[in-house]
Amino acid sequence: MPEYQTHPYDVLIVGAGGAGLRAAIEAASSGLKVGVVTKSLLGKAHTVMAEGGVAAALANVDERDNWRVHFSDTMRGGQYLNNWRMAELHAREAPDRVRELEAWGALFDRTSDGRILQRNFGGHRYPRLAHVGDRTGLEMIRTLQDHGIHTGIEVHMECTVLTLLTDSGRIAGAFGFDRERGHFLLWPAKAVVLATGGIGRAYQITSNSWEYTGDGHALAYRAGAELLDMEFVQFHPTGMVWPPSVRGLLVTEGVRGEGGVLRNSEGRRFMFDDIPELYKTQTAASEDEGWRYTQGDKEARRPPELLTRDHVARCINREVKAGRGSPHGGVFLDIAWIKTHLPNAAEHIRRKLPSMYHQFKQLADIDITREPMEVGPTTHYMMGGVRVDGDSQMSTVPGLFAAGEVAAGLHGANRLGGNSLSDLLVFGKRAGQFAADFARAHSAPAVDRAQAGAAAQAALEPFDRGAAGENPFQIQHELQERMQALVGIVRTESEMHQALELLDAFSARAARAGVPGHRQYNNGWHTALDLPQLLTVSEAITRAALLRQESRGAQFREDFPGKDPEWGKHNIVVRRGDAGEMLVEPRPVTPMPAELTQIIEEMK
Amino acid sequence: MPSQAPTQALFRIWRGDTEGGRFQDFTTQVGSGMVVLDAVHKIQAEQAPDLAVRWNCKAGKCGSCSAEINGTPKLMCMTRLSSIDLSMPVIIEPMKAFPLLRDLVTDVSWNFRVKKTIPKFTPRAPDAPDGTWRIQQSDADRVQEFRKCIECFLCQDVCHVLREHHKHDEFIGPRYFVYTAALEMHPLDTADRVPDLRHKFSLGYCNITTCCRQVCPESITITENAIIPLKERVVDRYFDPLKRLFRIL
Numbered sequence: 000m001p002e003y004q005t006h007p008y009d010v011l012i013v014g015a016g017g018a019g020l021r022a023a024i025e026a027a028s029s030g031l032k033v034g035v036v037t038k039s040l041l042g043k044a045h046t047v048m049a050e051g052g053v054a055a056a057l058a059n060v061d062e063r064d065n066w067r068v069h070f071s072d073t074m075r076g077g078q079y080l081n082n083w084r085m086a087e088l089h090a091r092e093a094p095d096r097v098r099e100l101e102a103w104g105a106l107f108d109r110t111s112d113g114r115i116l117q118r119n120f121g122g123h124r125y126p127r128l129a130h131v132g133d134r135t136g137l138e139m140i141r142t143l144q145d146h147g148i149h150t151g152i153e154v155h156m157e158c159t160v161l162t163l164l165t166d167s168g169r170i171a172g173a174f175g176f177d178r179e180r181g182h183f184l185l186w187p188a189k190a191v192v193l194a195t196g197g198i199g200r201a202y203q204i205t206s207n208s209w210e211y212t213g214d215g216h217a218l219a220y221r222a223g224a225e226l227l228d229m230e231f232v233q234f235h236p237t238g239m240v241w242p243p244s245v246r247g248l249l250v251t252e253g254v255r256g257e258g259g260v261l262r263n264s265e266g267r268r269f270m271f272d273d274i275p276e277l278y279k280t281q282t283a284a285s286e287d288e289g290w291r292y293t294q295g296d297k298e299a300r301r302p303p304e305l306l307t308r309d310h311v312a313r314c315i316n317r318e319v320k321a322g323r324g325s326p327h328g329g330v331f332l333d334i335a336w337i338k339t340h341l342p343n344a345a346e347h348i349r350r351k352l353p354s355m356y357h358q359f360k361q362l363a364d365i366d367i368t369r370e371p372m373e374v375g376p377t378t379h380y381m382m383g384g385v386r387v388d389g390d391s392q393m394s395t396v397p398g399l400f401a402a403g404e405v406a407a408g409l410h411g412a413n414r415l416g417g418n419s420l421s422d423l424l425v426f427g428k429r430a431g432q433f434a435a436d437f438a439r440a441h442s443a444p445a446v447d448r449a450q451a452g453a454a455a456q457a458a459l460e461p462f463d464r465g466a467a468g469e470n471p472f473q474i475q476h477e478l479q480e481r482m483q484a485l486v487g488i489v490r491t492e493s494e495m496h497q498a499l500e501l502l503d504a505f506s507a508r509a510a511r512a513g514v515p516g517h518r519q520y521n522n523g524w525h526t527a528l529d530l531p532q533l534l535t536v537s538e539a540i541t542r543a544a545l546l547r548q549e550s551r552g553a554q555f556r557e558d559f560p561g562k563d564p565e566w567g568k569h570n571i572v573v574r575r576g577d578a579g580e581m582l583v584e585p586r587p588v589t590p591m592p593a594e595l596t597q598i599i600e601e602m603k
Numbered sequence: 000m001p002s003q004a005p006t007q008a009l010f011r012i013w014r015g016d017t018e019g020g021r022f023q024d025f026t027t028q029v030g031s032g033m034v035v036l037d038a039v040h041k042i043q044a045e046q047a048p049d050l051a052v053r054w055n056c057k058a059g060k061c062g063s064c065s066a067e068i069n070g071t072p073k074l075m076c077m078t079r080l081s082s083i084d085l086s087m088p089v090i091i092e093p094m095k096a097f098p099l100l101r102d103l104v105t106d107v108s109w110n111f112r113v114k115k116t117i118p119k120f121t122p123r124a125p126d127a128p129d130g131t132w133r134i135q136q137s138d139a140d141r142v143q144e145f146r147k148c149i150e151c152f153l154c155q156d157v158c159h160v161l162r163e164h165h166k167h168d169e170f171i172g173p174r175y176f177v178y179t180a181a182l183e184m185h186p187l188d189t190a191d192r193v194p195d196l197r198h199k200f201s202l203g204y205c206n207i208t209t210c211c212r213q214v215c216p217e218s219i220t221i222t223e224n225a226i227i228p229l230k231e232r233v234v235d236r237y238f239d240p241l242k243r244l245f246r247i248l
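The listed protein sequences derive, respectively, from chains R and U. Letter 74 of the first sequence, counting from 1, is numbered 73 in numbering that gives the first Met the number 0, and no numbers are missing. Letter 106 of the second sequence, counting from 1, is numbered 105 in numbering that gives the first Met the number 0, and no numbers are missing.
Fair warning: there could be bad hints in the mix.
As the list claims (entries may be wrong) - Calculated cross-link-like contacts (lysine-lysine; reagent style DSS-like; alpha-carbon spacing at most 30 Å):
1) U:166 <-> U:119
2) R:360 <-> U:166
3) U:119 <-> R:351
4) R:32 <-> U:119
5) U:41 <-> R:32
To be verified - Listed next, the stretches of chain R that the computed footprint assigns to chain U, with coverage defined by at least 3 CB atoms under 8 Å from CB atoms of chain U:
6) 79 to 92
7) 140 to 146
Simulated from the structure, these hints should not be mistaken for laboratory data. Fair warning: this is a prediction, and the values are worked out from it, not measured in the lab. Glycine residues also receive a C-beta, built at the ideal position from the N, C-alpha and C atoms.
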């Protein structure tokens with residue numbers, strides 16, 4: 000087999016975004032040897048792009064907030080398909096995790112009495128998002144990075160994991176390669192934490208960076224772990240739509256939190272036209288009440304622009320399809336209008352939303368303090384992922400843990416904005432802690448070198464085919480285009496059957512992918528090796544979406560537009576069958592304990 | 000600058016590795032709103048699949064796609080083609096202050112090693128019994144400017160102490176002066192990095208030409224707001240004649 004270097008660890012973390020770094024810090028704090036593998040340079044992971052804020056019931060701005068309200072908001076947003084234990088732990092522990100960041104050097108925006116300021120966001124009853132302008136993710140990842148580098152962790156930058164290694168069903172480490180120089184690497188480990196993020200690159204229009212190829216989802220699935228909720232892909236309602244080269248780039252929900260409104264080509268605030276039953280009592284009755292809410296009036300209810308993302312995305316889609324869209328196929332998002340209510344509105348917008356101001360000015364020649372933005376839905380977040388135990392974050396494979404976007408459960412059928420950054424902290428810490436416990440309780444597993452050898456051989460095949468093979472960029476491009484068209488925001492049975500047939504064809508083509516050149520920083524080769532992961536998650540999404548014959552949260556079925564109470568009691572599990580086939584089955588939701596049910600009843 | 004963007008443009012891209020290299024010309028279609036990174040990706044997908052380029056967010060937030068475009072250090076993802084004269088070849092080269100890995104990708108690992116040598120954040124005891132602090136926004140503002148840094152290392156690339164004089168072993172560069180300033184001016188921090196600034200980090204090598212500030216994609220006022228105040232701290236500590244007198248007495 001090809002040569003490789005070996006770096007053994009007690010705990011190996013795959014991914015260096017917020018969840019991976021928080022897990023690494025926790026695991027290292029107990030004195031274990033911890034390694035982190037990241038596809039990018041340190042500090043570049045997708046967390047850096049998070050804008051609006053981190054949700055935690057600190058109650059600094061509205062004293063009525065507490066973990067119970069946050070818990071019930073999260074469950075309602077997820078349409079009660081959430082893992083309630085995770086939703087409970089998340090709501091209880093998020094405030095401590097945010098305060099801990101401050102002790103590590105993070106500098107959040109402040110209230111007038113010097114505490115951490117919190118802002119409004121979709122689906123959150125009270126102002127709950129701690130933030131730094133609209134660059135909260137950068138603040139978080141930099142804080143974790145700068146703290147983490149002094150904890151003794153070893154970081155392998157620009158390395159990709161090709162396969163997880165197992166020893167009689169238990170995790171034994173990982174095998175992969177160094178993207179910079181093309182060397183193979185073996186990381187034996189007693190416990191592995193997946194923190195690889197999402198799957199956005201399976202779609203054409205996405206806010207996600209190239210890294211989001213579903214590696215953790217696919218690696219866990221192949222190692223025998225169960226995946227959960229794979230049909231629930233979040234389409235964020237507001238991505239840029241023009242110019243074409245930035246289509247999909249995120250426009251933070253913070254714009255709406257600060258008073259931004261959505262209008263169609265007729266100038267109508269169409270979000271008032273369709274308010275779901277579940278949110279009727281919580282939504283403003285007039286434009287004026289909505290405005291007062293964004294300005295901190297505690298008597299006012301939130302404007303319909305701050306309904307959950309699944310709903311807002313569908314409303315935008317409907318306006319565009321009905322011919323009431325903006326010139327480039329979106330709708331208008333207007334923050335400039337607040338100048339009719341606020342003196343110094345332009346200055347206020349630049350201070351609260353500096354990155355958005357910069358992004359539109361530089362990339363689209365639009366001054367958001369003067370004119371509306373054009374926005375439309377963009378593939379943003381994966382609610383589904385590795386099925387984990389709510390307390391420990393361990394998957395169904397002993398020793399294999401998952402945290403952050405790659406893990407499923409917290410968000411159910413739809414995630415609330417701001418809950419991903421708190422997810423990273425709460426469950427990154429838990430995964431690191433329980434992975435460390437697992438590593439201490441178990442001896443080193445045996446590493447099967449044949450597993451590593453097979454992965455290395457397969458990885459080198461694209462070079463054998465060279466430039467005569469299929470162009471990996473072309474395959475990826477077509478896959479993204481087809482997934483967007485056939486398994487996107489609006490789904491139907493016939494199209495998804497078509498998608499499954501096409502995925503077979505793409506798999507056959509991916510097996511013929513070829514690249515010229517050598518192993519040093521070869522983007523073509525990297526893309527060829529991403530294809531199997533993208534294909535696995537695409538198939539899992541499609542099969543789960545086909546099985547769920549109803550519309551709920553992020554899943555909208557044109558052929559089954561209503562909710563089905565039976566499906567409301569089931570999650571969908573995806574796992575690999577003995578013959579390598581993909582199995583998809585409903586799994587009843589675990590009944591909630593009485594005290595949590597009572598909280599939900601009280602908050603209705 | 001041409002008023003109507005041409006439909007084709009010529010890109011002259013550095014191809015090579017540690018052994019050496021040369022420029023290679025590529026002609027490709029260009030369209031409305033495109034940035035330099037779009038053109039490089041198009042060339043990669045259609046003509047040169049093994050062309051090495053490092054990128055991530057394509058939104059100016061991660062600082063991965065730093066390169067030199069027509070001689071100026073820039074982020075490829077934030078450089079619109081409409082801002083470039085496309086009647087001439089667009090020259091794209093890797094950063095020069097770091098060792099080349101391949102094509103447009105350099106080995107920037109030195110930066111990560113330097114950061115580890117800077118004493119970490121050390122907060123004072125919490126202000127409130129619940130373990131939290133009180134900070135006024137006006138005190139946070141100054142440091143928040145520095146914390147906008149996306150670590151693209153363009154400031155390091157353009158700094159003559161690193162680029163021309165290769166003082167990587169003695170000098171930490173503008174990025175890490177900004178980082179040190181953020182720690183030194185952090186309202187909660189109690190550590191003292193002034194001796195290191197003078198002796199280990201060679202702050203004195205900087206002769207405030209403002210090259211770094213001019214290339215910063217986040218418009219951080221590196222020279223005036225970070226480096227000069229740090230220099231003042233070093234001067235106050237070591238070169239104030241009155242204080243020297245007191246020390247002798």
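Here is what the structure says about each hint:
no., hint, verdict
1, U:166 <-> U:119, "23 Å, holds"
2, R:360 <-> U:166, "37 Å, violated"
3, U:119 <-> R:351, "29 Å, holds"
4, R:32 <-> U:119, "21 Å, holds"
5, U:41 <-> R:32, "42 Å, violated"
6, 79 to 92, "violated (count 0)"
7, 140 to 146, "holds (count 3)"
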